[in-house]
Amino acid sequence: MPAVSDSALLKVDAVSVRFDTAEGSITAVDDVSLTVKQGEFLSVIGPSGCGKSTLFNVIGGLLGNHQGEVRVGGETVSGPHKSIGMVFQEESTFPWRTVRDNVAFPLELIGMPKEKRSERARHFISMVGLDGFENRFPGELSGGMRQRVSLARTLASEPKILLMDEPFAALDEQTRLLLGDKVLQIQQQIKQTTLLITHNITEAVQMSDRILVMTYRPGKVKRIVDIDLPRPRTSEIVGSEAFGRYVAQIWNDLREEANRGLRDEEKHALQRGSGTA
Amino acid sequence: MTTVVSRPRAASAYLPRLVGLATVILALLLAEAIIRIGWISQFIVPPPSEIAASFARLFLEEHIVHRFFYTVGECLVAGVMITVCGVGIGVLMHRVRLLQQACETWVAALASAPFVLAYPLFMVIFGRNAWTIIMMGFVSGLPPVILKTIEGISGTRRVLVNVGRSFNLTGSQQFRKILFPAAMPTIFVGVRLGLVFALINIVGTEFLINFGGLGQLINDLAERYDLGGTYAAICFVILVSVCFFMALEQVERWLRPVD
Ligand SMILES: Nc1ncnc2c1ncn2[C@@H]1O[C@H](COP(=O)(O)OP(=O)(O)OP(=O)(O)O)[C@@H](O)[C@H]1O
Ligand SMILES: [Mg+2]
Numbered sequence: 000m001p002a003v004s005d006s007a008l009l010k011v012d013a014v015s016v017r018f019d020t021a022e023g024s025i026t027a028v029d030d031v032s033l034t035v036k037q038g039e040f041l042s043v044i045g046p047s048g049c050g051k052s053t054l055f056n057v058i059g060g061l062l063g064n065h066q067g068e069v070r071v072g073g074e075t076v077s078g079p080h081k082s083i084g085m086v087f088q089e090e091s092t093f094p095w096r097t098v099r100d101n102v103a104f105p106l107e108l109i110g111m112p113k114e115k116r117s118e119r120a121r122h123f124i125s126m127v128g129l130d131g132f133e134n135r136f137p138g139e140l141s142g143g144m145r146q147r148v149s150l151a152r153t154l155a156s157e158p159k160i161l162l163m164d165e166p167f168a169a170l171d172e173q174t175r176l177l178l179g180d181k182v183l184q185i186q187q188q189i190k191q192t193t194l195l196i197t198h199n200i201t202e203a204v205q206m207s208d209r210i211l212v213m214t215y216r217p218g219k220v221k222r223i224v225d226i227d228l229p230r231p232r233t234s235e236i237v238g239s240e241a242f243g244r245y246v247a248q249i250w251n252d253l254r255e256e257a258n259r260g261l262r263d264e265e266k267h268a269l270q271r272g273s274g275t276a
Numbered sequence: 000m001t002t003v004v005s006r007p008r009a010a011s012a013y014l015p016r017l018v019g020l021a022t023v024i025l026a027l028l029l030a031e032a033i034i035r036i037g038w039i040s041q042f043i044v045p046p047p048s049e050i051a052a053s054f055a056r057l058f059l060e061e062h063i064v065h066r067f068f069y070t071v072g073e074c075l076v077a078g079v080m081i082t083v084c085g086v087g088i089g090v091l092m093h094r095v096r097l098l099q100q101a102c103e104t105w106v107a108a109l110a111s112a113p114f115v116l117a118y119p120l121f122m123v124i125f126g127r128n129a130w131t132i133i134m135m136g137f138v139s140g141l142p143p144v145i146l147k148t149i150e151g152i153s154g155t156r157r158v159l160v161n162v163g164r165s166f167n168l169t170g171s172q173q174f175r176k177i178l179f180p181a182a183m184p185t186i187f188v189g190v191r192l193g194l195v196f197a198l199i200n201i202v203g204t205e206f207l208i209n210f211g212g213l214g215q216l217i218n219d220l221a222e223r224y225d226l227g228g229t230y231a232a233i234c235f236v237i238l239v240s241v242c243f244f245m246a247l248e249q250v251e252r253w254l255r256p257v258d
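These protein sequence lines are chains A and B, in that order. Sequential numbering from 0 applies to the first sequence in numbering that gives the first Met the number 0. Sequential numbering from 0 applies to the second sequence in numbering that gives the first Met the number 0.
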């Protein structure tokens, strides 16, 4: 794969995060190490509650009290790093700004003149396929469109690493597949180095060069799978045989974890139930 | 086709208003009848028809328009003061957590305090002039603006704050570009409430200290025992407040982005 060079742009080294809660301390992320190379698309997949968002926040520099180290281009991250652009799991557009002003937000911060940033914003708006919606407010858009606005806003800051936390989790399957195409297109267009967090196997296999499977509680690295599918890809690849094999393999890994997650939650619910009875 | 569909819809849109208007007219007719029959003395409440007839007099002899603008002016000054100080204090209380923890409860208590009763104190401090009236409006309208400002800022969704952090905003950028705009709709609710409180207290104080605009007019007319005029003026004030409230709601709807 020519676009991927060998140098590690992002290096996560033995990161652990513990939370102290009323029910004792829980280890959300346990000794996770990973690297993302220049131009690479890495997905982190794991069942709900396994610590994906926690890892996301650590890499993004939003969470301080972790062990281990996150390095971006050799620099240790302590706080939000300018090379990392984040797209959040929850809806995060600014409702008081139009689509254009949302996307132009990072350009405004670096003091780009108004004319120029409108033009730049338009470029990124059309990249996510929202031409013609520049003057709308997020409230007038569907959930999928808002998520694309968030993506365009992050892309406009031209981050070296795009960090996304289940950006399409709240969307229906069709929209998700089509948006996946959009992300693939963008990634092929600008060779964007990307770390995608997801719990959707199809999405992960469709887009990634490598997939990191996480275990449930504590969130450890279970396996790293190389996805050797040809690029450029589209959502059509979903029907191919090789694709099916990868999905089956990862589902095998995940099923155990997801089961453990379910049992754990049931046990907790039972304990809470008997505690109050 | 379209006419068939749109006609019942148009009728159903106007029906509530029509019925609303009909109930008002019915109530007035009822009042007229009860007073004419003599169940309520005409010397306490004049019949609605007499009140309506007095309206013309308010405009021709009592210069009610001039007085109206006097009261509006007082409200404007109080409104600007409420907005500037209320938002300022709210922001400060949000910034200094100790201040918020210490004072939020009693600011909330002040919001429901009957400030009108303190008018003699204000008269002693400011004298019998417009400032007493404005300050009464100011003090009574301030608490809701403070409370709603705090509520709006601290109610900003966490993820929006995180977006700001991920873009490396400084503290003041975070406030100007995210917290404050996110709080705007809530702050405006506070300003609207504050203005309504101020209007009530301003007219009340004008009445009590017999100075200024509409409130004083009511006081004057009552002292002259001009019952028709008094009630007409009261109706006028009610109409003004209703229109004022509706206008503010319109402005709010217009300011608030769809979400
Ligand atoms: N601030 C916090 N305080 C205490 N516990 C937390 C905190 N944040 C997360 N946790 C716990 O850490 C675990 C991992 O949470 P996290 O949000 O990272 O999961 P996730 O993999 O992103 O789940 P999902 O797929 O549902 O988004 C959960 O059990 C959660 O309850
Ligand atoms: Mg999550």
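It cannot be assumed that every hint is accurate.
Straight-line alpha carbon distances no greater than 27 Å define the calculated DSS-like cross-link-like pairs of lysine-lysine that follow [to be verified]:
hint : chain 1 : residue 1 : chain 2 : residue 2
1    : A       : K81       : A       : K221
2    : A       : K190      : B       : K176
3    : A       : K181      : A       : K219
4    : A       : K113      : A       : K81
5    : A       : K159      : A       : K115
6    : A       : K36       : A       : K181
7    : B       : K176      : A       : K36
8    : A       : K81       : B       : K176
9    : A       : K190      : A       : K10
10   : A       : K10       : B       : K176
11   : A       : K10       : A       : K115
12   : A       : K81       : A       : K10
Just so you know, the hints here were simulated from the structure itself, not pulled from any lab data. All values reported here derive from a predicted model rather than from experimental measurement.
Need the status of pair A:K190, B:K176: alpha-carbon distance at most 27 Å? violated (31 Å)
Distance restraint between A:K10 and B:K176, which requires alpha-carbon spacing of 27 Å or less: Given that 27 Å is the threshold and the Cα spacing comes to 32 Å, the pair is violated.
Would the hint linking A:K113 and A:K81 be met if the CA-CA limit is 27 Å? With Cα atoms ~22 Å apart, A:K113 and A:K81 stay inside 27 Å; holds.
Straight-line alpha-carbon gap B:K176 to A:K36, limit 27 Å: Given pair B:K176, A:K36 is violated - Cα atoms ~34 Å apart, limit 27 Å.
Please verify whether A:K181 and A:K219 have alpha carbons no more than 27 Å apart. Outside the cut-off at roughly 30 Å; violated.
Is the Cα-Cα distance between A:K81 and A:K10 27 Å or less? holds (16 Å)
Is A:K81 close enough to B:K176, meaning Cα to Cα at most 27 Å? holds (18 Å)
Would you mind confirming whether the straight-line C-alpha gap from A:K10 to A:K115 stays at or under 27 Å? Status violated; Cα separation ~35 Å.
Verify the proposed pairing of A:K81 with A:K221, using a straight-line Cα cut of 27 Å. violated (30 Å)
Decide if the proposed pair is consistent with the structure: A:K159 and A:K115, CA atoms, cutoff 27 Å inclusive. Answer holds: A:K159 to A:K115 is near 22 Å, not above 27 Å.
Just to be careful, I want the Cα atoms of A:K36 and A:K181 compared with a cutoff of 27 Å; is the pair within it? The hint holds at about 22 Å.
Taking only the CA atoms, is the gap from A:K190 to A:K10 under or equal to 27 Å? At roughly 19 Å apart (the allowed maximum being 27 Å), A:K10 and A:K190 satisfy the hint.
Checked against the numbered hints above, the structure violates hints 1, 2, 3, 7, 10, 11; every other hint is satisfied.
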